[in-house]
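> So the chains spell out like this:
There are 2 protein chains.
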Amino acid sequence: MRRGTNLPAVGTFNHTVVLDAIRRNTEPVSRKEISATTGLALQTVRNAVEKLLADGLITEAGKRINGPGKPEMLFELNSEGRFALGVHLDPTIITYVVLDLRGRIVAESMMHMPPEGEPEEIIATIGAALDRLIDDSGVDRTRILGIGIATPGPLDPANGVILDPPLLPRWRNVPVRDALSAATGFPVILEGGPTAAAIAELWLGGAVAHDDFVFFFLGSGIGFGLVLDGQVRRGSSGNAGSGGTLFVPVDGLGGGRRVDMLGRLATPQFVVAQAVADGVVDKPVPENDTTAIERQFDRLLALADGGDGAAVRILDRAADLIATALVSTVNVLDMEEIIFGGPFWARVEERFLPRIAAIVDHSPDRETRHPIRMSSSKVHGDVVAIGAACLVLDDTLSPRPTDLLITV
Amino acid sequence: MRRGTNLPAVGTFNHTVVLDAIRRNTEPVSRKEISATTGLALQTVRNAVEKLLADGLITEAGKRINGPGKPEMLFELNSEGRFALGVHLDPTIITYVVLDLRGRIVAESMMHMPPEGEPEEIIATIGAALDRLIDDSGVDRTRILGIGIATPGPLDPANGVILDPPLLPRWRNVPVRDALSAATGFPVILEGGPTAAAIAELWLGGAVAHDDFVFFFLGSGIGFGLVLDGQVRRGSSGNAGSGGTLFVPVDGLGGGRRVDMLGRLATPQFVVAQAVADGVVDKPVPENDTTAIERQFDRLLALADGGDGAAVRILDRAADLIATALVSTVNVLDMEEIIFGGPFWARVEERFLPRIAAIVDHSPDRETRHPIRMSSSKVHGDVVAIGAACLVLDDTLSPRPTDLLITV
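Chains as they are written, first to last, in our numbering: chain F, 314 to 721; chain C, 314 to 721.
By construction, these hints were calculated from the structure, which means they are not laboratory data.
We put the beta carbon where it would ideally sit given N, CA and C, even for glycine.
Treat each hint with caution, since some may be false.
A few chain C residues facing chain F, derived, Cβ under 10 Å [claimed, not checked]:
hint	residue
1	Leu366
2	Glu431
3	Val589
4	Arg679
Just a sample of chain F residues kept apart from chain C, beta carbon distances all over 10 Å, derived [claimed, not checked]:
hint	residue
5	Gly382
6	Asp542
7	Arg546
A few chain C residues that face chain F, going by a derived Cβ cut-off under 8 Å, partial list only [as the list claims (entries may be wrong)]:
hint	residue
8	Leu387
9	Glu389
10	Phe537
11	Leu541
12	Ser550
13	Leu559
14	Thr642
15	Pro684
16	Arg686
17	Ser688
18	Ser689
19	Ser711
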């Protein structure tokens, strides 16, 4: 499934292959080294380097003397040659980032989701916030490639439409891609939050050790970003990764177990509802307000950290349910790596990660016995907003073998 | 994840591209047409055609007159240019097939799994049975590319080892690939049953309408074959598709639901156990004998067909549990197509398919609302044995873009 926006390509396939080779090197590289890593003929590399220099995508980075003969010119990515904007539209917080070509954050800002207002007005607000962020960052507008926006699903990414996310009740069939593009003048890509996070890991994450991994996303909802054979997998309609719909047993692993879906058990909203029912925290006020829920979730965490037994039990149960769903997922997809992140993950990480890891490692329900690497995302900042911006970099800069016409 | 056996490749990348173009055409094609579909230069096609003719993989198939000028020579696959052997090692039945290059069955046989005997002896029996089948089929041994063998998992496909399948209790760490290769003199590929079935669908199935599909396998166990972007996905250790490990609610969709894993609820063994517990059929004798279980499963089906309410309820429940697990799967992978098959599927198809389709289509737990195509496999014969042989064809005949070194 290809997304519906084709951002302008940067040069031909060979240009992107050369750019990719330069980008993936932390050290400056010579034309000969590029030729060796890419398999491209030296003359092809020469031509590509010339074009990339002219386009401002790479810069000269000194010379290297290798014995007698002419010194070799070295090249590196021109980090400020292009920029990408990323937006994470979460039900609670909207986060904005500007990334440079290396995926480094040049500027960022955030705001609470307006509690009132139609989607059209909120999209105008997003456009204005991006405009301010660009001004504050001082980046050259002509060097901005486009905007990636990540939102809760289900989506129609091919047409850039938010369909009917349970977590965004006022957003029904909203053509966010075209509306945001009209508001800002930039091309826009729409993507699901967990998939955007997986893209950020692929681009920037030191955590990724394998070609196949699941990004476990804990935000207002729960979702998976799926990477198989080094590529994100979006499914037929671009909505893969709906991890909140997995059934899990509620009462541990004994007989007579009850069952419900993970998304109705382990999201902050439902964990808080359980804590309210058990008399551990007060009802959020107003009741369905995401910010109020967040406040009570933090209160529950503070109680658990203070040793409150009931609070600990509620949080442990949420971790156990997540672990059980991950055992199913690992069995179906045979994954070797799970990366955890999302707006709520950092708060629960110390409590959840060792517990989840122990269950996934030792579950009698595991089909395979190989070790599974589990770690928190190493991407600093809002991994989803960063991933949304990486999408833009990815769409314009990555070589795609599928675009290659065989003409040998 | 690549399998550990590299069968001898048939020519270079371009040769396989040309062969693939000829294979995919039901009608004979000219060199010009091959050049147009593949993007290869006419001279490259000429050279490849010459080599493929010399190797006996294609044959001349008449001429076509296009206006004035020389008539065009046409080519088609030489169906009998090569053959592949397939083995489906099911806990109940072992099935053998010989396929020609088009994937048509040239010969087949089957036998019950010997109730006694060490894996080594059974592998020798398999070797002898293949030997007899080759003799009976009259195919030229020098034209046999190799053997594909599909078994229950978990497996170590990279090393060709059957690890510890619950369904094959005597098979623990059995190096079946090397043992069968030693017994027969042919190269061998080991694969999981549901994945082999998915390969058969990709090669031969008229049923496949989409690039992404799940093959739902109902044999002695339950499993998924996963195809994303037109490729089977085996996961990190080659054991993806363990669908029997998904949790499902047992008692319909009301409150207070109990839960267990699909593989402990909806496989023939457990359906029969339920029917025994409910007094609908007698205990299989001997109790854990797969053939005896099969007999009682057929008895249960016959009772349901005769209108026995208790038998109908037990079977309906199994279908409902499968449907619920498929809703989770479709949500996580965002699939548009499910193909059903496997040794037990044909017997339950009429009863299960409409029921499962209705649940998957209308489930309130579905994340997306797009239609999902659900159908039974159109592959005639044992889809797993055929798929195992198709693996051999696939490994030797399919062009792999990843093997292509970019040297433009």
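> Now look at each hint and say whether the structure bears it out.
Checked hints:
For C:Leu366, the suggested interface contact is broken, since its CB lies about 20 Å from the closest CB of chain F, more than 10 Å. Residue-level restraint check for C:Glu431 is violated (minimum Cβ-Cβ distance to chain F is 23 Å; threshold 10 Å). Taking 10 Å as the C-beta contact cut-off toward chain F, the hint placing C:Val589 at the interface is violated, the least distance being around 19 Å. Evaluation of the C:Arg679 hint against chain F yields a held restraint, the C-beta minimum of about 8 Å falling below 10 Å.
In this structure F:Gly382 is separated from chain C by more than 10 Å, as the shortest Cβ-Cβ distance comes to about 26 Å. Consistency note on F:Asp542: stated as away from chain C, yet its beta-carbon is not over 10 Å from all of that chain's, at 7 Å minimum. A beta-carbon of chain C comes within 10 Å of the beta-carbon of F:Arg546; the shortest separation is about 5 Å. Violation of the interface hint for C:Leu387 is found here, the shortest Cβ-Cβ separation to chain F being roughly 23 Å, above the 8 Å cut-off.
Of the supplied interface hints, the one on C:Glu389 is violated, with its beta-carbon coming no nearer than about 22 Å to a beta-carbon of chain F, more than 8 Å. Because the beta carbon of C:Phe537 sits about 7 Å from the nearest beta carbon in chain F, less than 8 Å, this interface hint is met. For C:Leu541, the suggested interface contact is upheld, since its CB lies about 5 Å from the closest CB of chain F, less than 8 Å. With a cut of 8 Å, the hint placing C:Ser550 at the interface with chain F holds, because the nearest CB-to-CB distance is about 5 Å.
With 8 Å as the threshold, the beta carbon of C:Leu559 comes within range of chain F, its nearest partner Cβ sitting at about 5 Å, so the hint holds. The interface hint given for C:Thr642 holds, since its Cβ lies 7 Å from the closest Cβ of chain F, which is under the 8 Å cut-off. Because the smallest distance between the Cβ of C:Pro684 and any Cβ of chain F comes to about 10 Å, over 8 Å, the interface hint for this residue is violated. Evaluation of the C:Arg686 hint against chain F yields a violated restraint, the C-beta minimum of about 10 Å exceeding 8 Å.
With 8 Å as the threshold, the beta carbon of C:Ser688 stays out of range of chain F, its nearest partner Cβ sitting at about 16 Å, so the hint is violated. Interface hint status for C:Ser689: violated, as the beta-carbon distance to the closest one in chain F is roughly 20 Å, over 8 Å. Below 8 Å, beta-carbon pairs count as interface contacts, and C:Ser711 has none with chain F, the closest being about 15 Å; its hint is therefore violated.
In terms of the numbered hints stated before, the structure departs from hints 1, 2, 3, 6, 7, 8, 9, 15, 16, 17, 18 and 19, listed from lowest to highest.
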